[in-house]
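A.B. asks: For chain V, the structure is supplied; the task is to place chain W on it using the hints.
Just so you know, the protein sequences line up as chains V and W, in that order. 285 is the number that my numbering gives to position 285 of the first sequence; each next residue is one higher, with no gaps. 2 is the number that my numbering gives to position 2 of the second sequence; each next residue is one higher, with no gaps.
Treat the hints as calculated values from the structure; they're not laboratory data. By construction, the Cβ of each residue, glycine as well, lies at the ideal position given by its N, Cα and C atoms. Do not take every clue at face value.
[Unchecked claim] Label pairs and their in silico Cβ distance ranges:
1. 182(W) to 21(V): 55 to 63 Å
2. 24(V) to 182(W): 55 to 63 Å
3. 173(W) to 130(V): 55 to 63 Å
4. 211(V) to 12(W): 36 to 44 Å
[Claimed, not checked] Examples of chain V residues lying across from chain W (beta carbon under 10 Å, computed):
5. 130
6. 133
7. 136
8. 138
9. 142
10. 144
11. 192
12. 196
13. 197
14. 226
15. 238
16. 271
17. 279
18. 284
19. 285
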Amino acid sequence: MVEAAESASALPEPRRYASTRVWRRLVRQPVTLVAGFILTAIFVAGALVPQYTPPVAHIHLSQRWLNHPPMLSGWHLLGTDAIGRDMLIRVLYGLHTSEQSALVATFFAAVIGIVVGGIAGYRGGRHDAAMMRITDLVGVFPALMLLLAIYTWWQPVTAWRATVIFALYLWVPMARVVRAEISSLREREFVQAALSLGASDRRIFFRHLLPNASGTIIIAATSLLGLVFVLEATVEFFGIGVPSDLYPTLGNLIGDGQRFAFQLGQGWWAWAGPAALLMLILVCVNLLGDGLVEALRPPRSRR
Amino acid sequence: MMWGMGAFVLRRLVFGLVVMFVALSGSFLFFAAKFEPLHSTPLLHSYWVWLRGIPNGRSFETGLLNTHLMSFIGGAFGRTMLLLALTLVFVVAISIPVACISAATRGSALDYLLRIGTYVAWAVPGIIVAVLLQEGFGRTPGGWGTGWFPSVGWAGECPNGQGIDPHNFQCPAAGHGLTHVGQVIYHLTLPALALALVFIGVHSRFLRNSLIEALDAPYITVARAKGLTERAVLLRHALRNAFVAFVPALVSDLGLLLGGALAVDYIFQLGGLGTVLIALLELDIDGIPQVDVYALQLALLLGAAVILTASILSEVVLALLDPRTRAD
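Pulled out of the complex, with its shape left as it was, chain V reads as follows (with noise of 0.2 Å):
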């Protein structure tokens, strides 16, 4: 009913560009704006750990408290676990770690399947044929089987190493979309008209296309953030990835407080907090993403 309104109140409607529109929408989304800031502060804190905590090869280890619950004294706000690290700060490390690899995989993965996706759709033909088979492939086996097979076939995984294995899968997702939504782009009359004032290919394509797919290309990219947030946490769950000593991130962190709970007797504060912060990531990504799709959805055309 307030669309319906404003929509009427602004019948001689100026021009705009894009960008306002997309802005002004979503500060009429309260929610999405709050996920928007609180994935942000976490992002920001996530990447400045290493400059204001101690560095993760000396980790406190606190002598007189072993697996002890969360406590005020001594700031061991999350508690610590079994050998009485502290798990604040080891959580802290995990989200750096996390964040760094879900960030530049997503970014890498969204580069490769805009340009893949792109010359698909675009040229269609041979070149899409390729492309779908290439996804069919990719998509022969259950993720988390292969995911966990590269794992080892990879050993020892690193931060790094997970980046790029999980670029190198998920760029799958990203181009599927991309491909559709540049294929149905170009039968539009705008990129005829382009055509037929002579513009080049690589001009329709960067000046044209990409510009018009940009909003479903931000969609699919914060929820193809989400899923490596899961995917990755869900693998190195299983303790097979990256060694959590060195390199901890919420899902060993997540993984090691469940194992631990039943060899060691650990505390569930092992577990909660990082389970906690990637609950808090994962459901303002996706409050971010269902907001964007609201915000960045073309106008109705008044019929």
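C.D. replies: Showing chain W alone in chain V's frame:
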């Protein structure tokens, strides 16, 4: 019409098998190059040996440790399939009522509550749900949970001595006949619930949206004008039409469900495909990390078979439910 359907299924099946074969060959070459299944033989020759062993089943029989692969992995696969079946039951039994209530009371406080709940269920990763359920309702040593369900192990099994009865120091027996079935379901309840929650989140949101879309359609106005009760309108007319989108989506998610089942199976130590896969990948012979490529190939084959079956089945179900998608 049935002929058209048969031809369609056959075409998809043949195409899927070809893609599967290419992918399995690729994965064999990829992993065999690193973990030599046959010692000091060229890669292509060991590929040929593996290929030759497919028709007579030799490639699926013996592995690195001269174990019988099929009895080793096949049994685990059966457990995983049982877990998937119970999960599907939970997904259907919970998401349909949730979606119906949510759609019928659209805009009310209850609807908002259900929507927030399903949103959270969807956004929280399965491993966290599984760990929470295990701690909250399983019998973990020193845990804070209610202890209503066994926290780890298949019926009659106590992996690493967990779940042993402190009174007689024995693992609770699995029983026979119907008791056994009951025990298996009892042990599978928490894992299946953990696995189901994410998909309940996805599918009840999806079904709610298609129900609401259906409730605005003209035929619903007709049904209401005929004097049907709101309940009959929802259950007999709207729900039936919303199913057309719901059921194929559910079936096609089986592949994703299998991936989640690996993690859940590992957390609850059910001895299914996830546990076996990790045992395979962590194989250590005289301190040298070694992977049984034949066993890995068999596990990948079974996973791929589930995904292929699910994708074909979902298209068949769609064609059966929705006459419009039948081209001929």
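A.B. asks: If a hint holds in the structure, say so; if it does not, say that too.
C.D. replies: Verification of the hints:
Taking the beta carbon of each, residue 182(W) and residue 21(V) are about 60 Å apart, inside 55 to 63 Å as hinted. A hinted range of 55 to 63 Å holds for the C-beta pair residue 24(V) and residue 182(W), which are about 59 Å apart. Distance hint check for residue 173(W) and residue 130(V): the Cβ-Cβ separation is about 57 Å, which falls inside the suggested range of 55 to 63 Å. Hint check: residue 211(V) to residue 12(W), Cβ distance near 38 Å, so the stated range 36 to 44 Å holds.
Because the beta carbon of residue 130(V) sits about 14 Å from the nearest beta carbon in chain W, more than 10 Å, this interface hint is broken. Of the supplied interface hints, the one on residue 133(V) holds, with its beta-carbon coming within about 8 Å of a beta-carbon of chain W, less than 10 Å. Taken as an interface hint, residue 136(V) checks out: its beta carbon lies about 5 Å from the nearest beta carbon of chain W, inside 10 Å. At about 8 Å, the closest approach between the beta carbon of residue 138(V) and any beta carbon in chain W falls short of 10 Å, and the interface hint on this residue holds.
Because the beta carbon of residue 142(V) sits about 4 Å from the nearest beta carbon in chain W, less than 10 Å, this interface hint is met. Evaluation of the residue 144(V) hint against chain W yields a held restraint, the C-beta minimum of about 4 Å falling below 10 Å. The beta carbon of residue 192(V) comes no nearer than 31 Å to any beta carbon in chain W, farther than 10 Å, and the hint placing it at the interface is violated. With a cut of 10 Å, the hint placing residue 196(V) at the interface with chain W is violated, because the nearest CB-to-CB distance is about 36 Å.
Violation of the interface hint for residue 197(V) is found here, the shortest Cβ-Cβ separation to chain W being roughly 40 Å, above the 10 Å cut-off. Hint status for residue 226(V) relative to chain W: holds, with the closest Cβ pair at about 8 Å, below 10 Å. Satisfaction of the interface hint for residue 238(V) is found here, the shortest Cβ-Cβ separation to chain W being roughly 6 Å, below the 10 Å cut-off. Interface hint at residue 271(V): satisfied, since its Cβ lies 6 Å from the closest Cβ of chain W, which is below the 10 Å cut-off.
Given the 10 Å rule on beta carbons, the hint for residue 279(V) holds: about 5 Å separates it from the nearest Cβ of chain W. About 9 Å separates the beta-carbon of residue 284(V) from the nearest beta-carbon of chain W, less than 10 Å, and the hint is met. The criterion of a C-beta within 10 Å of any C-beta in chain W is met by residue 285(V), whose closest approach is roughly 8 Å, and the hint holds.
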